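Novice: What follows is each chain in one-letter form.
2 protein chains.
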Amino acid sequence: MKKISFALIAVLCLCVPVFAQQALWGGQNIVSPEVHADHTVTFRFLAPKAVKVQLTGDFLPAQTLAELKEGKDGLWEYTTPEPLAPELYSYSFIVDGLKSIDPNNVFLNRDVASVTNIFIIGGGRGDLYSVNQVPHGSLTRRWYESPALGLTRRITVYTPPGYEKGSQKYPVFYLLHGMGGDEEAWVTLGRTVQILDNLIAQGKARPMIVVMPNGNATQEAAPGESSLGLYKPNMRLPRTMEGSMEKSFPDIVKFVDTNYRTLANKAHRAIAGLSMGGFHSLHISKQYPDLFDYVGLFSAAILPGEEPESEIYKNADEKLKIQFAKKPKLYWIAIGKTDFLYNANQDFRKTLDTAGYPYTYYESEEGHIWKNWRIYLTEFAPLLFK
Amino acid sequence: MKKISFALIAVLCLCVPVFAQQALWGGQNIVSPEVHADHTVTFRFLAPKAVKVQLTGDFLPAQTLAELKEGKDGLWEYTTPEPLAPELYSYSFIVDGLKSIDPNNVFLNRDVASVTNIFIIGGGRGDLYSVNQVPHGSLTRRWYESPALGLTRRITVYTPPGYEKGSQKYPVFYLLHGMGGDEEAWVTLGRTVQILDNLIAQGKARPMIVVMPNGNATQEAAPGESSLGLYKPNMRLPRTMEGSMEKSFPDIVKFVDTNYRTLANKAHRAIAGLSMGGFHSLHISKQYPDLFDYVGLFSAAILPGEEPESEIYKNADEKLKIQFAKKPKLYWIAIGKTDFLYNANQDFRKTLDTAGYPYTYYESEEGHIWKNWRIYLTEFAPLLFK
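In the order they appear, the protein sequences are chains A and B.
At position 198 of the first sequence the residue is numbered 226 (the numbering used here), and the sequence of numbers has no breaks.
At position 83 of the second sequence the residue is numbered 111 (the numbering used here), and the sequence of numbers has no breaks.
Next comes chain A alone, as it looks inside the complex (with noise of 0.2 Å):
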């Protein structure tokens, strides 16, 4: 063994690129995105033949493109004119018309079917939503059984910081994802374990578990995490707002509080979901009245259902009655200024007015977007199980 030359060293540092896959590692000494320490933010794009090269993202005014220059060599550049607020931001390149993701950007989050670059800027809200050195939690991916659907189903669960030592039980929150999502959307989209392990460590949030199921009742799994293979994602699934999702909710509560040291009571329990996942947590938790003492409705879609003589969607004006004679500690709905279900929250704030039944409203800026749910989380999990 000792005769092996030392000059292999040489060799494999020459080799390098071959050393990761023979065929596929590649790329270009560019820097994209450039957060500058002013959070203006610098995007890069090498296109020597493009005529035009331009950007779309969230951090643009609504339909606006911003052109990006051509410079040496076919580099091709755009600088935001103001610094960019703390905030997880999305973006594309559009080349000659066509949208692009950045090659010099490995980031990326799935919406759906639509696969976009992503990139932080800190500070405030944006440190919530970054990985810091603080004690992290666990995320695992695994199946459970719910006889209700008769399905095996793939669940994402975050554990908080030191679950594994010693025999503490903890409070358990659902958070459910809207429609086109699934059990990956909160982790990817809405950086749950990031926003958790900040909030727990700066002593604003409890120590909980958070359970995100797959909010469609007749898949198994995310698409790509099933037997259906790898396949394009489909924003329109059947049977997600018909009553079985909702139903067959108490099997997912069983699974926890079986399979983890769990606080198995109401009082231990929030459920909350965005959009779609609003009109669950709306309607399981009235359904399942004993189960949830904080609820959170965010940018809820409130409906009567798919199915309005499905047993879960009769009676509602009755079963919020009991709900509330209940007395649940915390009740949440936040919707934004511009969000296309914001007339329909209002209504339903004007039933639980008229009727006497005592939330709490927060009113964000924008619309129907991720930035939102984000917000949303991080006001809503300070205040569970206090």
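Warning: the hint list may mix true and false statements.
For identical chains, the list gives no copy identity; a pair is met inside one copy or between any two copies.
In silico lysine-lysine, DSS-like type, Cα no more than 25 Å apart, as pairs [claimed, not checked]:
1. 349 / 294
2. 260 / 100
3. 97 / 260
4. 294 / 77
5. 97 / 355
6. 275 / 294
7. 127 / 100
8. 80 / 100
9. 294 / 355
10. 347 / 232
11. 282 / 260
12. 97 / 80
13. 232 / 357
14. 127 / 97
15. 282 / 193
16. 77 / 365
17. 80 / 282
18. 127 / 80
19. 342 / 365
20. 80 / 354
Think of the hints as simulated: they come from the structure by calculation, not from any bench.
Keep in mind the model is a prediction, meaning the values are calculated, not measured.
Given chain A, put chain B in place with the hints provided.
Specialist: Just chain B now, with coordinates in the frame of chain A:
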């Protein structure tokens, strides 16, 4: 609540794209890639203004690009002339010279700093890389303390189906990545979860825990998963092959044996790795000759190490002698015929042959690529703990 009109359902359906994310959701009504019944594959790319659209992929001959043909309304298309063999494949489009991902395929793998689309051809080994309706294990990302490295570090752990129930103890397989990789590589590029689920379901592999650590001694976690933020991954990191990772390995074994129900002895521990991970496996297993009865070198770097004076690399012959005197149950060497490390592995075999140390040799086609490392995993895992 009854007053809320059913017309809202109609509104909801009209607003479906808005329902996920007002700004960024979108998509094309195009299927790509389309895997046909005969396993030929059609790729499609919509680019009305493009002059040339090409395809690069690991199913094409090396250094070869396939040319797409422009059809109606700027939809470019290419169908493979022959059926593809069962496998997980990677590809990208090249549009007028610019690499582009397939906007109709949300499944992407990152290899160091490069992101490409993937698809799977089923049958044969392709079925081992697919999610099937079999019992599923759990996959957890968590953090452990490494006193030897002075870091809290991220680690990926697969536990087999049924682990959470009962009190059975399991053998442990430590599976290490290559240069530029991290604790994500074996899960994303290596399809470890699918391979293990399927091999266990078929009775070909024994139920086992698979531990995938981060092998870069200065790194807390994969790019994007540490407090360094969302930075561009780098192929070459400091202190990867100078003894630190090898020396600190008992921290990982201790963490696993104290946090999981393990059969905590040599007969029930395996270690294997690809490329740099093979190098680590070689040195760790000889440095700690009582830890592992199963050793796998997948396209291993066979080197004296960057710091030959490190105690890890010193007295290599003597340490190998001690290791083999203790009769490991399996010492397994795999390499591809065109791998740039082929000759180094043949030299290492000669060293073992000369000394009379028994090992098993597996030679494959092709070179230093993930296709081979998935194959090696499917070959090696069934040999363990029998």
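Novice: Each hint needs a verdict: does it hold in this structure or not?
Specialist: We went through each hint and held it up to the structure:
1. 349 / 294: within (17 Å within a copy, 62 Å between copies)
2. 260 / 100: between (39 Å within a copy, 22 Å between copies)
3. 97 / 260: So residue 97 and residue 260 pass the 25 Å test across copies only (23 Å; inside, 34 Å).
4. 294 / 77: Result: close neither inside a copy nor across copies, 62 Å intra and 59 Å inter.
5. 97 / 355: neither (59 Å within a copy, 65 Å between copies)
6. 275 / 294: Intra 18 Å, inter 49 Å, cutoff 25 Å: intra-copy only.
7. 127 / 100: both (23 Å within a copy, 20 Å between copies)
8. 80 / 100: Answer is both; intra-copy 15 Å and inter-copy 24 Å each pass.
9. 294 / 355: within (11 Å within a copy, 57 Å between copies)
10. 347 / 232: Intra 33 Å, inter 52 Å, cutoff 25 Å: neither.
11. 282 / 260: neither (32 Å within a copy, 42 Å between copies)
12. 97 / 80: both (8 Å within a copy, 24 Å between copies)
13. 232 / 357: within (18 Å within a copy, 52 Å between copies)
14. 127 / 97: both (17 Å within a copy, 20 Å between copies)
15. 282 / 193: both (23 Å within a copy, 15 Å between copies)
16. 77 / 365: neither (43 Å within a copy, 39 Å between copies)
17. 80 / 282: So residue 80 and residue 282 fail the 25 Å test inside a copy (56 Å) and across (56 Å) alike.
18. 127 / 80: both (12 Å within a copy, 16 Å between copies)
19. 342 / 365: neither (30 Å within a copy, 68 Å between copies)
20. 80 / 354: neither (61 Å within a copy, 67 Å between copies)
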